[in-house]
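Engineer: Please construct the entire structure, taking both the sequences and the accompanying hints into account.
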Amino acid sequence: MKDLFSSIYLISRMASAVLNLVAIAVFTRLSSQEVYGQYLIGFAYGFIVYSLAIQWLLSAHFGQQSRHHAERIATTVVMLAIISVSIGVILIGLTVACNVLSLSNGFGCAVVLIGLAVYFVASEIGRSQLRVVPVTMAAFLRSGLTLVLGSLALWKFHSATSLLLAVSSAHVLAALPIIIVLRRSIWAVGFEWPSRESYWQIWSYSWPLILAGGAAAVAASIDRIVLEYFFGSAKMASYGVILDFIKQSFIIVGESVAISYVSVAKAKHGDGDEEKSREMLTMAFVTTAFLAAFGVIFFLLLGEPLFGILLGKGYLGATAIIPWLAVANACLILRAYYFAQVIYFSKSARLELISTLVGLGISFSLCLWLVPIFDVNGAAIAFTMAQVGALLCILLARSTRQNMPVDFPRLWIIVTSAGATLITGLFVRLMLPAELANLFNIALIAVVAGTLLVRWDMFDAGVIWRRLYQQARLAK
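Residue numbers for the sequence shown follow full-length UniProt numbering, so the first one is 1 and each next one is one higher.
Since the hints were derived computationally from the structure, they do not count as laboratory data. Since this is a predicted model, take the numbers as computed values, not measurements. Be a bit skeptical, because a hint or two may be false.
As the list claims (entries may be wrong) - Across the chosen pairs, the derived CB separations fall in these ranges:
id	residue 1	residue 2	range
1	Leu176	Pro323	32 to 42 Å
2	Trp155	Glu274	46 to 56 Å
3	Trp155	Asn99	27 to 37 Å
4	Gly314	Val22	12 to 22 Å
5	Gly419	Lys313	26 to 36 Å
6	Glu274	Gly317	46 to 56 Å
7	Val18	Gly419	20 to 30 Å
For glycine and all other residues, C-beta sits at the position ideal for the given N, C-alpha and C.
Structural biologist: Here it is in structure tokens:
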């Protein structure tokens, strides 16, 4: 199983993506645009609080953990997470008491904070320990339980608050397989109270990431917050549901790269094996660039028919923004799941803070300018420009060029292959009826992308293909 770890992670993420797709289709049919828009806004506020409270700890754990001190660092992060969540809940309560937030919005923020914190802290510790089975099981459970519990909540109560509570509960329950395995491994002899030095080690490394996490969350949510302010939650729901599905599709495969290749590269870097570390980073770059390019091609050629099947008619008014959001999320995964990982190899987290502040500045200014004039189109442009700006900020840094390899020959092959696929697909759409053109483009993308996957053994595709071929020959 260990020699196919990247394919196992990918398969689990693909299964999760299918369940997420079904969840979006079900939720948008069980709820009105108003209710779903309120859910998206509530989740956005909760995610901002979570990012301020927890995101920095996840990066700190990944950056500071080692095989020799796994239990000590993990326990320190868990204790800091408990403290951060407690402070977050208290602050949310104060905003409700001061009438800054309504009781329902405050409750939604609190449950989202708790659910995301439990799941992602457990998942980060599990993936850093290369616990393939429990981490993949948790990812699948998260999507499955979100679908089941969320559907029940909307069917029974039809409210944004009930959906937020259901989604939070799904995250907590999904973390249990990881927690059980960690309790039997790094915490088998019990928990050791962290020392003052352990707390300082985490804090001194990661304090810039507190601001970076908050800035990134605000930058990722400001478009829908401004859109909801000017045009209401129903209008924002059409934008938010399309953005969230495209973003989740990219992030799911991006997480697979981080888990499959960057985690191994970080471990090899810690062991002093720089050659192997750089080899894994090169594979991470190639895989991320491949996923970004062909993700854009998929949504450009098949996005509108896909959303036509997924969503009700009330949500289809914003499909014109699909190209913008596809490009934006391609930039997002290139930055977040490859180039921004430089902070784990350069021993400095300040670059992440700078890039997220740049993205926030671009997003905030463009949203205030464009959203009142162009509504959802303005929000999409602002989100895209923010992701492009944040990516360029990381790319131009000297530490990125020194530590994060770029395979230009294979990048050229990816770009030309994706470009040829897009041109062919657009030509086919002009020449054939819509249904036939869609089927042809699905096959075209599968053949071109599958060829590159096997040729470069991304996610163990080459190994799996050769084994299947050998088994087929033996069967004859």
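Engineer: Decide, hint by hint, whether the structure agrees.
Structural biologist: Quick rundown of the hints versus the structure:
1. At roughly 40 Å, the beta-carbon separation of Leu176 and Pro323 lies within the given 32 to 42 Å, and the hint holds.
2. Our hint of 46 to 56 Å for Trp155 and Glu274 holds, since their Cβ atoms are close to 55 Å apart.
3. In this structure, Trp155 and Asn99 meet the distance hint of 27 to 37 Å, their C-beta atoms being roughly 32 Å apart.
4. The hinted window of 12 to 22 Å between Gly314 and Val22 holds, with their beta carbons roughly 19 Å apart.
5. In this structure, Gly419 and Lys313 meet the distance hint of 26 to 36 Å, their C-beta atoms being roughly 33 Å apart.
6. Roughly 52 Å separates the CB atoms of Glu274 and Gly317, a value that falls within the hinted 46 to 56 Å.
7. Checked against the given bound of 20 to 30 Å, the beta carbons of Val18 and Gly419, roughly 28 Å apart, stay inside it.
Of the numbered hints given earlier, the model fails none.
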